[in-house]
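> Chains as they are written, first to last, in the working numbering: chain W, 1 to 321; chain A, 1 to 321; chain U, 1 to 321.
Hints are computed from structural coordinates only; laboratory data are not their basis. Ideal Cβ placement from N, Cα and C applies to all residues, glycine included. Any given hint might turn out to be false.
[To be verified] Covered stretches of chain U (in silico footprint by chain A; criterion: 3 or more residues with CB under 8 Å from a CB of chain A, positions within the stretch not fixed):
hint, segment
1, 77–88
2, 183–192
[What the hints assert, rightly or not] Heads up, incomplete: computed chain W residues facing chain A, CB under 8 Å, no partners named:
hint, residue
3, Glu47
4, Gln79
5, Leu128
6, Gly278
7, Val280
[Stated by the list, open to error] Here are the simulated lysine-lysine pairs, DSSO-like style, with alpha carbons at most 27 Å apart:
hint, chain 1, residue 1, chain 2, residue 2
8, A, Lys256, W, Lys50
9, A, Lys50, U, Lys256
10, U, Lys164, W, Lys50
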Amino acid sequence: MSMPVSHPQLNARGELKHLLTLEGLPRESILHILDTARQFIDASGREIKKMPLLNGVSVFNLFFEHSTRTRSAFEIAAQYLSADVLNLDIPASSTRKGESLLDTIHTLSAMQPDVFVIRHMQSGAPVLIAQHCAPHLHIINAGDGWHAHPTQGLLDMYTIRHYKRDFTRLTVALVGDILHSRVARSDIHALTTLGVPEVRVICPRTLRPAGLERFGVRVFDSIDEGVQGVDIIIMLRIQRERMNGPFLPDAREYFKNWGLTPERLARAAPEAIVMHPGPVNRGVEIESSVADGAQSVILQQVRFGIAVRMAVMSIVAAGDH
Amino acid sequence: MSMPVSHPQLNARGELKHLLTLEGLPRESILHILDTARQFIDASGREIKKMPLLNGVSVFNLFFEHSTRTRSAFEIAAQYLSADVLNLDIPASSTRKGESLLDTIHTLSAMQPDVFVIRHMQSGAPVLIAQHCAPHLHIINAGDGWHAHPTQGLLDMYTIRHYKRDFTRLTVALVGDILHSRVARSDIHALTTLGVPEVRVICPRTLRPAGLERFGVRVFDSIDEGVQGVDIIIMLRIQRERMNGPFLPDAREYFKNWGLTPERLARAAPEAIVMHPGPVNRGVEIESSVADGAQSVILQQVRFGIAVRMAVMSIVAAGDH
Amino acid sequence: MSMPVSHPQLNARGELKHLLTLEGLPRESILHILDTARQFIDASGREIKKMPLLNGVSVFNLFFEHSTRTRSAFEIAAQYLSADVLNLDIPASSTRKGESLLDTIHTLSAMQPDVFVIRHMQSGAPVLIAQHCAPHLHIINAGDGWHAHPTQGLLDMYTIRHYKRDFTRLTVALVGDILHSRVARSDIHALTTLGVPEVRVICPRTLRPAGLERFGVRVFDSIDEGVQGVDIIIMLRIQRERMNGPFLPDAREYFKNWGLTPERLARAAPEAIVMHPGPVNRGVEIESSVADGAQSVILQQVRFGIAVRMAVMSIVAAGDH
């Protein structure tokens, strides 16, 4: 699969300059990230800490939308690589002085960071920033609106490869709020690119995006049918604030219709694994016994997430110093 | 004095794995921490900065209850030892997404930290976490509810030993809000363990915990009587929000009955020292001239607190790398 | 120009101990800072990152007034010099426990930092702290009330020297809200000390401080007249909360009377540069096309600000380790 060299994430030599989305990211780029991440995990399965790889590199964590969990994962990954990290929670600061997004970015760019990790509530903000920022800068999208969450997608791929090795024989099911899920979008792009032959989407009609079919997925109205024989179940988080509104009934009703129970999990392949981007709503999208059960790899996802973010940061920043 | 090997703070070899409480912590463990802290203070009385002892060690400061002062002390201590530090103020984050305490802990544990420093408004939270966390993790209690504040207790012991050397000839008085004070509990356990023959507790009846006598302390209703001849006076902080309620009259009345004045201090031993965990309410529990006077060692407590926290962190994390 | 040795910013050998204000700071001290900053910028115009100069030095960023931008600049500068940095946003912490400013400072001093970077809403707070803090400490004023913002003044001087080299042939205009501007005060003191023959102040009468003439400036009521032939235009930020009140009309009216437009800029010298401390209010004090135009050096100011802060920190902390 070849990509036009002008793709905004890749430089003229086809190397990863930014990580904005997994849509259109070449298979080789994804595999290179996963292979690199593998090197950051030692024989005991723990991250190798304190490598001098990014010594002298400045990483700015720009979080226009709050996320302790994702911000921490990037901060730790940067620390393990010996980079300097600056955390900036922007809602509480210059935005309230009426400064525009690009003015903020240009000002921070003038402080000579190397990497911006950006989370933003608006879809497309990281792409916009990548188009306008100084040439020495690298943008890593840490989640933008409903659009993309590429490092989550990559850590999900790492997890799947860790447990299943070969993507080309798998059936993968995503379950839940597809409509609002940047995780689902990134997962679907990555799974497709890596050659997963069957990607299933299981969701209520009210949470199904228009035109979902063009992503090459099979859509199911029933979780009992949808999980039948699958190798991987990726549960999506339901935002509680979406409950009791036009999209969703109450939590109990949602769990009855869409929650992952031991009975439903039993319909999947015997070696199936259960994934979730976290934080888990126990008793809403997943039963506690499943979240904590032998087939759950939810905490391993978090663990691999550090290595994957180390990989992304070290790859984008590698050429510069 | 021997301890059962199964004590949750000590590992099978009797080494400090967690620091949860000073209750039941063996005398040798306390003295080992104080001796180690001593090595982090140079001849000029300043901490020795930038030792590579904890290079590659990750310390997560998890503050479920706000405290700039204590959080800073742990952060600085970790920095001086060359550890990586991640600060997480949790009230503002995942708790508001409805995630449980243990889910938060398990998720953060998956990021492979080595040490959790935990402050929590609920008594027992650090113990609960120590019981459920991954085996490679070390928990340091930075204050939980009314239960314990062991690093404050240890720095108080360091301070007392610095000025008085021998614990076995001292009379120590704690004055103020014993009922709500985790500092008082930790101090009483440590003083008793270290062989202080007379520990006095001076407090209003409304702020006296039930069953106080079983801790082996002498209880006084009058500060004038209670401070008579003591070598150490540890003033406790009054929470202003407890004033004008069922527990306490107004601040002026409190100061009149329980405040440490120069006249009252004069009733203590001539070389008596005055301690306070800070922040001081001047004119409420202590007169300014006493807080700033020649017998006050309040700022020295803060200073020793850095070395003591360096000691605790380096001891618990020592076995692992 | 000679200064009394007792000046609170300089030690007995005339070396910079604190940086509190540019008022009265000797010309040689200013030039030494600018020369030092020059060494932190490499041939490509970027800061040199990760010098071990301040390894083992602790910098506490004490922000009693919120400022993401300035706090970040100091944090990055400290990181580039390998110092340890502790960020403390104080409004949200001990102040709410009723602790006094000096108690907070004494407590933090006991933790053995080397440098306090202080921003405070009250004029004079850093001077007060410098008078009362422990002798080993260095205070850097990061902006206090309307009084002074010396690192901004210094980075403005660095910028002017970078583009114009010789201060003694320049005409410089400051435009806008002089009354509330600590930047204006610091700039005026520095420009005067460095021998700029003509400093102009252009502002509405309601924003003109009493006794402005004693600073040796020329006051203008009209921006069209004031910018005539100047080499440097320093635009000041208008606080939006001051609009529609006793001081100022609405933003549109302000822009009409005092905003920098291309037409007004054309009245300046052909090679004139436009400066602004940021964040810019586009369409209020300056037209976007000017802020982004060829003569604008606003982002270069931010860039030089890192090097200047590195210089100040390394100079004040140099003697101690």
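> State for each hint whether it applies.
Going down the list of hints, with the structure as the test:
1. Counting residues of the segment 77–88 of chain U whose C-beta sits closer than 8 Å to any C-beta of chain A gives 3, which meets the bar of three, so the coverage hint holds.
2. With 0 residues carrying a beta carbon less than 8 Å from a beta carbon of chain A, the segment 183–192 of chain U misses the three-residue requirement, and the given coverage is violated.
3. At its closest, the beta carbon of Glu47 of chain W sits 5 Å from a beta carbon of chain A; the interface hint therefore holds under the 8 Å criterion.
4. For Gln79 of chain W, the suggested interface contact is upheld, since its CB lies about 4 Å from the closest CB of chain A, less than 8 Å.
5. For Leu128 of chain W, the shortest C-beta to C-beta distance to chain A is roughly 27 Å, which exceeds 8 Å, and the interface hint is violated.
6. With its C-beta approaching chain A no nearer than about 6 Å, Gly278 of chain W sits inside the 8 Å limit, and its interface hint holds.
7. Taking 8 Å as the C-beta cut-off, the interface hint given for Val280 of chain W holds, the closest approach to chain A being about 6 Å.
8. Under the criterion of a C-alpha separation no larger than 27 Å, the hint pairing Lys256 of chain A with Lys50 of chain W is inconsistent with the structure, at around 56 Å.
9. At most 27 Å may separate the alpha-carbon atoms for a hinted pair to count; Lys50 of chain A and Lys256 of chain U exceed this at roughly 56 Å.
10. For the hint linking Lys164 of chain U to Lys50 of chain W, the alpha-carbon distance of about 45 Å lies beyond 27 Å, and the restraint is violated.
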